Amino acid sequence: MPRLGVDVDCYLKTEALPTVWCPGCGNGTVVQALALALARLGRPPEEVAVVGGIGCSGRTPFYVRTHAMHTTHGRALAFATGLKLARPSLTVVVATGDGDLLAIGTNHFLHAARRNVDLTVLLFNNGIYGMTGGQMAPTTPEGGRTTTSLAGSAERPFDAVELAMAAGATYVARTTTFDMQELPLRIEEAIRHPGFALVEVITQCPTYFGRLNRIGEAPEMLLWERDHTEDLHGAGEGLALPALTTGVFRQERRTEYTEAYRALCAARGGRYGDE
Amino acid sequence: MTSERDAVRIRLTGRGGQGIMLAGAILAEAAMRDERYVTETQEYGPEARLGATKADLVVANRPIAFPDVVRPDLLLCLSRPGYLKYGRGVAPGGLMVVDDRIAVEEDTTAEGAAVVRLPLRRTARELGDEIATNIVGLGALAALSDVVSEQALAAAVAARTKPEFADLNARAVAAGLALGREARRGGRSAAAS
Amino acid sequence: MALRLVMGNEAVAQGALAAGCDFFAGYPITPATEILEEMARLLPPRGGVFLQMEDELGAMAAVIGAAWGGARAMTATSGPGFTLMQEHIGYAAITQTPCVVVDAQRSGPSTGQPTLPSQGDVMQARFGTHGDRPALALTASSVRGAYDRTRLAFTLAERHRLPAVLLLDAVVSHMREPVDLPPPPPPARRTFAALPSGAPRFGPRAPFVPFGVGEPTVVTGLAHGPTGATGGGSGAFTADTLRAVGEALAADPDVAAAVEAYRTEDADLLLVAFGITARAAREAVDRLRREGTRAGLLDLGVLWPFPAAAVAQAAERARAVVVAELNLGQLTLAVEAAVAGRAPVYPLLRADGGLLEPEAISRFAQGAATGEARAAKEAMAGA
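Protein chains in written order, with the working numbering: chain G, 76 to 350; chain S, 22 to 214; chain H, 106 to 488.
None of these hints come from the bench; they were simulated from the model. As the structure is a computational prediction, the values presented were derived from the model and not from experiment. Where a beta carbon is used, it is the ideal one built from N, C-alpha and C, also for glycine. Wrong hints could be hidden among the right ones.
To be verified - If you want a taste of the chain G side facing chain H, the calculated C-beta under 10 Å gives, among others: (1) E121; (2) T141; (3) T156; (4) G157; (5) K159; (6) H186; (7) R343; (8) G344; (9) R346.
Said to hold, decoys possible - Partial selection, computed: residues in chain H whose CB lies under 8 Å from chain G: (10) F128; (11) Q157; (12) E159.
Please construct the entire structure, taking both the sequences and the accompanying hints into account.
Structure, rendered in structure tokens:
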């Protein structure tokens, strides 16, 4: 990837390619953006851990050359919380999907945000369960067609940004795989942020979401992403459908959990942490 | 291993909130300070307050195999539900120390067991706080049965309770011991109602 | 001797500190809660991590994450929480993650009788997770035993790289006994040597090296090869690893040493029990001996891997074997398999929240020895 301006190969396991992901899937775009963000931050790969859940996005740990843990469905954040507390010097990034984080794992999402543990969550939101073949997700839009909602979903979807804000996350952003300029910047900001950071990435699943909802292949889906999102600051097109807002919704400083825990130990004579 | 004969089995019962769990730990600590073998187990319901709770102890001169108490030799009872639940289970020849505000009937009391009713709660209240009823009860039980020494009980109370209640608890132990001694002098049958 | 009056659950916490435990994640549940409370009190002054998670799924996940962060990590729960942890116990097994899980068993199923004892998780400790794996489950029947077995659980978890389970019950957890426990050693940071490039990370003899030490490692619950990578014969590698770990565990002398024999040298009536039931059986043995019956007891300090050799050897001399347990016959299955017809096996079972008392055990065992129970068993089989 010569045009990125920095060396990202040291963060990628090129020998593990091709990925399990379908042609046109947006997940590779997110992983590339993650590698770019790590490269710009200059974090050595051996000081980074990427923790994935289950689902398409959960396979991310196999394609990064950092410490990596591919865990169980919905629980990546709980694994990551234990890992971060045991070794606070590690930069811990969680790769998770909308089913993983917002259905089976919602509880851990809310509590990790509440604690404000220094974790960066990359939410790969494609609005559908890809790994199991296209079932309805808690993010499937109302009317969205999936193999378990062929007549269109009758459910109101979750808004991950609202949930994260309500639960106390201190960095909250949403972007898309269409916006390859913004995506790595958001990830970089999130990793730099000392506290719980969510970057929701709207990403395309042409195989299931695109096909079942007659949007088309990857290029059409990327244009769909462009047309169905609106910048937080109003720079968007006039849209026929309800748009998802993108941008940075919150960026604030609140005592990070390992810092708070270090103080708690110190008050009782204990020395916590790597240093 | 201990035989059934040389072990004393004790049950403490009352409502949740009356300090039965603490009393069990104190009595076990006292037995330990007397250099005897002891086990203490507990049973309680979902209620942190009210309900019927119990602490069971076995005190012996040899290692104790089974810590559960089937038929206690000694029963300290601070509540009516506890009395109704465990009053009949006392071993023949056993002793029940019951707060005198609890109504005692023949058909809910074990046959062949002596019943000593003492003003445990009233005494604690007169000392300044009803919360010390459990400590008064332990004092009375110790004086009536010799299951633990007076010195060990006083030391265990001091070791297992909060310093801010040290004075109240010390007076509660003394008052309980006095109640027990007096009842013992008067004979168990005279004290029984 | 500096005797202290200590509760079983407090002894678990002391044993964990003695083993160098520096990470605890858990969720409150009767009758294990005192372990959580003790660790919350004891770990921060030592710089260790105490984490109260949002549920038991998260607690077990955090323990595994912490182990890969280089911590000696444990959790403690009871039956319902143990059920929620099962998926992650399987994950710890396939990822060869050393960690410790204490299950203070209570009466069930479901909420059951939450403050009453049970021994209903014998098979859950063995087969609770999906798939199959080598299982290690220790038990304790005394406060001192709870301390010693907690330490042993950490030792074996690290030696064999697996999740070690300690099965207690509500009585042993809440029982106080005078014990002389050494003060915990000062906290010490663990050190790990980085593996040479390309050295195996997984497999029966691969050392455990956590994240942050040396080259990046990939850990996965998918079948994997020695580097953690999937595909290319990884199914066979994982199966072979688990089998080899199980064999090494079964051959470990420290596992066999956890079985406590009581008056079995000349016993022709063999009692088999663990936990609080073993305490009752111990007294039953004394009663039977006083009555002239040569009874003996195996107090199984380890259930899995099942100490089949010790049971078979003791059954060699026995006219009858009695298994006493607080469930509907879980341990009995393993005992029957180990005895393998050397003597008839009679289960004495109770699963209503109450205990098997010494008198009930001795009476039942006497019947087994004299053939009354045998007749009853044959009659039942014939009916």
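Exercise for the section: Using Cβ atoms only, decide whether Q157/H comes closer than 8 Å to chain G, and label the hint accordingly. Expected result: 10 Å, violated
Handout entry: Status of the hint placing E159/H at chain G (closest C-beta pair under 8 Å)
Key = E159/H check passes; min Cβ-Cβ to chain G is 4 Å, inside 8 Å.
Exercise for the section: Hold the hint about H186/G up to the distance rule: shortest CB distance to chain H must be less than 10 Å. Expected result: 4 Å, holds
Exercise for the section: Closer than 10 Å between Cβ atoms is the bar; does G157/G clear it against chain H? Give me holds or violated. Expected result: Holds, because the Cβ-Cβ distance from G157/G to chain H comes to roughly 3 Å (cut-off 10 Å).
Problem - Closest C-beta approach of T141/G to chain H relative to 10 Å, hint status - result: Hint holds; T141/G Cβ to chain H Cβ min 5 Å, cut 10 Å.
Handout entry: Restraint satisfaction for T156/G [CB to CB of chain H, less than 10 Å]
Key = Interface hint status for T156/G: holds (5 Å vs cutoff 10 Å).
Handout entry: Evaluation of the interface hint that places F128/H against chain G, nearest CB under 8 Å
Key = 6 Å, holds
Handout entry: Interface hint for R346/G, Cβ within 10 Å of any Cβ on chain H
Key = 4 Å, holds
Exercise for the section: Verify the interface restraint on G344/G: the C-beta must sit less than 10 Å from at least one C-beta of chain H. Expected result: Because about 5 Å separates G344/G from the closest Cβ in chain H, which is inside the 10 Å limit, the hint holds.
Handout entry: chain H contact restraint for K159/G - C-beta distance below 10 Å
Key = 7 Å, holds
Practice task
Go through the hint on R343/G and say holds or violated, using the shortest Cβ distance to chain H against 10 Å.
Solution key: For R343/G, the interface hint holds, since the closest Cβ of chain H sits about 4 Å away, which is under 10 Å.
Problem - Closest C-beta approach of E121/G to chain H relative to 10 Å, hint status - result: Holds. Min distance 6 Å.
The structure fails hint 11 only (numbered hints given earlier).
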